[in-house]
Amino acid sequence: MSATIATSQQLARAAARQPGLVETNARRWFWLAVIALVLLATILASLMVGSRDLGIGTVLEALFAYDDSDEHVIVVALRLPRTILGLGVGLALGTAGALIQALTRNPLADPGLLGVNAGAYFAVVVGVGAFGLSGIGGYIWFAFAGAVVTTVLVYVVGSAGRAAATPVRLTLAGVAIGAVLSGISAGITLLDPGTFDRLRHWAAGSLVGQNHETILVTFPFIAAGLLLAFVVARPLNAVALGDDLARSVGVSVARTRLVVIVATTLLAGAATAAAGPIGFVGLMVPHLARWIAGTDQRWIFAYTAVLAPILLLAADIVGRLVLRPGELQVGIVTAFIGAPVLIALARRRRVSGL
Amino acid sequence: MSMLPATINFGHRAQALRPFGGRLSRLIGIRRMVVCAGLLVLALGFGLLTLASGDFPVPLGDVLRVLVGQAEPSVQMVVVEWRLPRVALALLLGAALGLSGAIFQSITRNPLGSPDIIGFEAGAYTGALLVMVAMGGGYLMVAGGALVGGLITAALVYGLAWRRGVQGFRLIIVGIGVSAMLTALNKFMLLRAQLEVAMSAAMWDAGSLNGLGLDRLLIAALLLLVLIPASLLLARPMAQLEMGDDAASALGISAERTRVLLMVLGVALIATVTATAGPIGFVALVAPQLARRLTRAAGVALLPSAAMGALLLVAADYLAQRAFAPTQLPVGVVTISLGGMYFAWLLVAEARRQ
Numbered sequence: 007m008s009a010t011i012a013t014s015q016q017l018a019r020a021a022a023r024q025p026g027l028v029e030t031n032a033r034r035w036f037w038l039a040v041i042a043l044v045l046l047a048t049i050l051a052s053l054m055v056g057s058r059d060l061g062i063g064t065v066l067e068a069l070f071a072y073d074d075s076d077e078h079v080i081v082v083a084l085r086l087p088r089t090i091l092g093l094g095v096g097l098a099l100g101t102a103g104a105l106i107q108a109l110t111r112n113p114l115a116d117p118g119l120l121g122v123n124a125g126a127y128f129a130v131v132v133g134v135g136a137f138g139l140s141g142i143g144g145y146i147w148f149a150f151a152g153a154v155v156t157t158v159l160v161y162v163v164g165s166a167g168r169a170a171a172t173p174v175r176l177t178l179a180g181v182a183i184g185a186v187l188s189g190i191s192a193g194i195t196l197l198d199p200g201t202f203d204r205l206r207h208w209a210a211g212s213l214v215g216q217n218h219e220t221i222l223v224t225f226p227f228i229a230a231g232l233l234l235a236f237v238v239a240r241p242l243n244a245v246a247l248g249d250d251l252a253r254s255v256g257v258s259v260a261r262t263r264l265v266v267i268v269a270t271t272l273l274a275g276a277a278t279a280a281a282g283p284i285g286f287v288g289l290m291v292p293h294l295a296r297w298i299a300g301t302d303q304r305w306i307f308a309y310t311a312v313l314a315p316i317l318l319l320a321a322d323i324v325g326r327l328v329l330r331p332g333e334l335q336v337g338i339v340t341a342f343i344g345a346p347v348l349i350a351l352a353r354r355r356r357v358s359g360l
Numbered sequence: 016m017s018m019l020p021a022t023i024n025f026g027h028r029a030q031a032l033r034p035f036g037g038r039l040s041r042l043i044g045i046r047r048m049v050v051c052a053g054l055l056v057l058a059l060g061f062g063l064l065t066l067a068s069g070d071f072p073v074p075l076g077d078v079l080r081v082l083v084g085q086a087e088p089s090v091q092m093v094v095v096e097w098r099l100p101r102v103a104l105a106l107l108l109g110a111a112l113g114l115s116g117a118i119f120q121s122i123t124r125n126p127l128g129s130p131d132i133i134g135f136e137a138g139a140y141t142g143a144l145l146v147m148v149a150m151g152g153g154y155l156m157v158a159g160g161a162l163v164g165g166l167i168t169a170a171l172v173y174g175l176a177w178r179r180g181v182q183g184f185r186l187i188i189v190g191i192g193v194s195a196m197l198t199a200l201n202k203f204m205l206l207r208a209q210l211e212v213a214m215s216a217a218m219w220d221a222g223s224l225n226g227l228g229l230d231r232l233l234i235a236a237l238l239l240l241v242l243i244p245a246s247l248l249l250a251r252p253m254a255q256l257e258m259g260d261d262a263a264s265a266l267g268i269s270a271e272r273t274r275v276l277l278m279v280l281g282v283a284l285i286a287t288v289t290a291t292a293g294p295i296g297f298v299a300l301v302a303p304q305l306a307r308r309l310t311r312a313a314g315v316a317l318l319p320s321a322a323m324g325a326l327l328l329v330a331a332d333y334l335a336q337r338a339f340a341p342t343q344l345p346v347g348v349v350t351i352s353l354g355g356m357y358f359a360w361l362l363v364a365e366a367r368r369q
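Chains A and B, in that order, give the protein sequences. Counting the first sequence from 1 gives a position; this note's numbering is that position plus 6. Counting the second sequence from 1 gives a position; this note's numbering is that position plus 15.
It should be emphasised that the hints constitute simulated quantities derived from the structure, not laboratory data. Accuracy of the hints is not assured; some may be wrong.
Unchecked claim - One-sided and incomplete, this derived list gives chain A residues near chain B with beta-carbon spacing under 8 Å:
# : residue
1 : R175
2 : P331
3 : G332
Unchecked claim - A short, non-exhaustive set of chain B residues, derived as facing chain A with CB atoms under 8 Å:
# : residue
4 : I187
5 : A195
6 : M196
Please read these numbers as outputs of a predicted model, since none were measured by experiment. We treat Cβ as the ideally placed atom computed from N, Cα and C, and that holds for glycine.
Isolated chain B (complex conformation) (with noise of 0.2 Å):
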């Protein structure tokens, strides 16, 4: 038996962790956790920042005992029926986003290739629209539209960008196409539906959290932690992935089995962000390489991603809410303003390496 020396070099620092006795054991690099971990504090911070400020300002100190379950009753409901659902929402949403990014990023190989930028939004969009018209269900039933939506948009994008492989660029452009079509047939939608119906589903049309409550937190909770750590657990077999159908094969990883079950969590994970608070562009294609840059790693990986889309979405969400108020944005504004002006540096930076 040969034993590991005891430094390998990996490229970067690493600690190896081998707890119940060796059976298990994970090679953790530094930088990374450091980064994780940053990114968290990060946006728990924004999120009690959130929680302090309104038009009704909470002390910073008040929130942490509110937490722990010692404050006025007033202040009590103030921080915990009003504002939490809203933070919890764009933390856990937040790290949906990135993980659905970083999962479509890693399986196109291309940064552009992220799940609003080809349209899988925009068909969970309509998917939902076609359930709260046709049937006004719940939310459950426009959280199956949007998911069912968003997979047939998903196949049929990239069956029109099939021509012997799926090409990045093509399939960038034909969801571009497909994106706006079923643009055009949402709006459509909305001018043919029931006032009622019209005005809340425009609510979330530029992707909102404004007044969602603790029972949209619960279920998409829920759903979330169902569906965050299912795609964490696929985080090995993704890199394997990454190095070629034939090496990942010769490493014990089924390439198609775990591709497509790859792109179904990606699916599920951003049509239920669409279900709950509408279409929020960019943080997908956003966060995955924000947390690249940072972790300086060579692809795209899925814990930063969670973690930066989580820091991302509620520090867009604390700007929506008081960049202008007592006016409130709708953060998909706030995210595709942003988000599109790093889009085109992308382009840029992308340019110049060729």
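Here chain A stands alone, though its shape is the one from the complex (with noise of 0.2 Å):
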């Protein structure tokens, strides 16, 4: 065997080998335990705290040792859904950030701001407006239509041209077609009030008001795309070297392509139906995920994997505890402590590529 010629694993290992702030596999593995630890107190806190507080001990009666007292079913019936919703909603959409942005090597990119959480919305209020739809298994296909038609078209406008699709004209391209079909669908809601009363808590990105049917209904999807994403995660690493090198190595890219092309929809189409449209969260994780764990997609994946759920419900308390007795939804304290990191971004001396 020749020594120029290096096999996948060799390339995959030379992608992988840009260190992060953790620099040995043994050290991921024990920071990933230890996020995840965070994980699980978050998820905690996220049953205790409310417009009635609970104690931890309280929280792990109603899970372990139920009885039909107030605060169980506080616990059980509502806060546990939510809490799980959030859970499979961060996951989604964190995942689905890092997917894009692997994958157009764009650091801007987040389903956010490239506009397909707003045509999945789109597509939902149509739903729900011209076909009457109601509950989340009718219409979550509609939202996964509406993902994929804006995906191709955010791309189709953003790499028009002879000049290649730049992050920049990418993301520009995503928050116009994002405006055009959010304020379609603000007048479709302004138009018919019956839409409008339906969809109204869930406009501004929100897991308040769920029950079960959404969470048995979306998870499965969420499963596939996760799953869908880690099967990539390796080829993905070829990916980042550049198309030629990832072809001369065996991969195919456009079968990679078309891989998280569908991954992304399912993801960000079944997050959106759950909890409506929610921005920043597949911005900033991923970022972070690198930031700590260096840039193998399969290391990206599995922090990401932890982090956005933290974040998410962090987002969510912080909403419950600010406007006490009421609430802020959960997408606009994202959109709060996710539009600087987007300002620190373009302020970074290289945009293009990752």
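Two independent chains are provided; combine them into the complex using the hints.
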């Protein structure tokens, strides 16, 4: 064997060699476990905090020794579904962001910024307004269709012309198309009070008011999207080296792209169908993961999977605290935390490429 | 003394005007004048159409009779008290939006640098909301709050985008980030506010001319009758500034002072619009660009942009009122939907040219 021909494993390792804060695999496992413990603590906090604060003992009793007291009903019937939903939605949005960033080599990519969430929302508004759909089982397909069409549309507009699709141009295309779709959605909901009422609490991105059916319908799709993401992590490492090199080590670039787009659609569509359009989670978390763990996609996905739910649940908890006894929708909180990250990224010297 | 030759090729047909025995001398582009006049006639035509149509239709002849003061009192009331303020506001605010857009697009030398894209509108809205929620002031105080909010946001966006000079795309991305944060803050304030304040604030959340009466018209008209001529006086220095600071200085323009003056006027214009009708998106972006294409000019020009802005807003308001009658849409929904599509097209066109 010639020494100049690298195997795909060697190339993947070369791609993974760019270190983050943590340099060896043993330490990466260690910190992953630490962050998982933080996630556990966040979940407990999400069960404890609210307009009526409960102690950790009460929460544990409600989970493991349920009786019909008021506190236990609050925990099991209200806060548990909400927390599980936050867990799944955070996981989906974070992974979708990591996938889009890896595919487009675009540090500014995020399902919210690229208009995918607005597209899913628009399709749901059309489904509810024009076809009278109700219940998540009916309109989740509209959310998927909207997410796919918008993804393709943004990519076509952003990469039109002879110039390559730069990150900035893709982002602007996403913002423009997202603005159009949100505008039309707003128009439809204003014209049709029935639609407005059914989608009201959902429009700002909120984990409140969803029931078990939402979780049962959306989670299989999120699971499928996650599975695809982990399958495609390794080919993505090769794609990061450039299309030609990826081909030369035997990775099918076209198939990888297709799988990534399908996975992103499943994740972003299901998350939007479950909780409304929530932005900026997919922007922030993959950057944090890359900063800690380095550039190997497998580790980025693993860290994103624990960090994103922490962020979403923490934003939800903050939303419960700042307006007591009222609540701030989680989408508003993530926008407020996430926009400074976008500004910091835009200020960096090299906006293009990862 | 050398005389000018009878014909000079300016690249376009022009007519020299020398009233007062040659003490004042102006060169007027023929095409530009024709376009401006045509736009104004169209805008007034749409205005008359809006005056005539509604739940209580008035024949066009009667509308004209009302305007010269010879009609039945009931018709007089419908046209003058109900509809005229709205039409006049649409014309004035549209002109202000077009001017503000032209000023910022000229300063940033980028069509995407208009105040609605880079977040000044969101900032003006934040300022207005703060005044309404914290002090509950009248319209003038709200307008002042909008102005201060807009100015602070302008300074913030420029400061954050500054990195050895302001580069167009960085400015826009920073603007999108700042406006996402401010939008989140605005929603937070709306949720925190007393119900009555929140209701009246939410009325103009989407940018609407619904229910604006004579009192609003008078104050807005007073403000704009100062601001619009003041901006038009700066048309020449602005065009000279586009040649670069050095060339402008050589022609006797103080570059920095002119730029600051232009920016203050531009923010004041957009703040007046926001305080009166709420954030109306995309008119400031689209009007100067359409006007530039119609006049076939090299850069954006103030007067045609103002005429185009007036036409766009009055036409959009007609659509908002009549398209789904009897339901009335906020005009902001119409401008966002149509303007966003133009924005996407602009991105494609820009990419083609490079």
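Verification of the hints:
1. R175: Holds: closest Cβ of chain B sits about 6 Å from A/R175, inside 8 Å.
2. P331: 12 Å, violated
3. G332: Because about 6 Å separates A/G332 from the closest Cβ in chain B, which is inside the 8 Å limit, the hint holds.
4. I187: 7 Å, holds
5. A195: 4 Å, holds
6. M196: Hint holds; B/M196 Cβ to chain A Cβ min 4 Å, cut 8 Å.
The structure fails to meet hint 2 from the earlier list, while all remaining hints are met.
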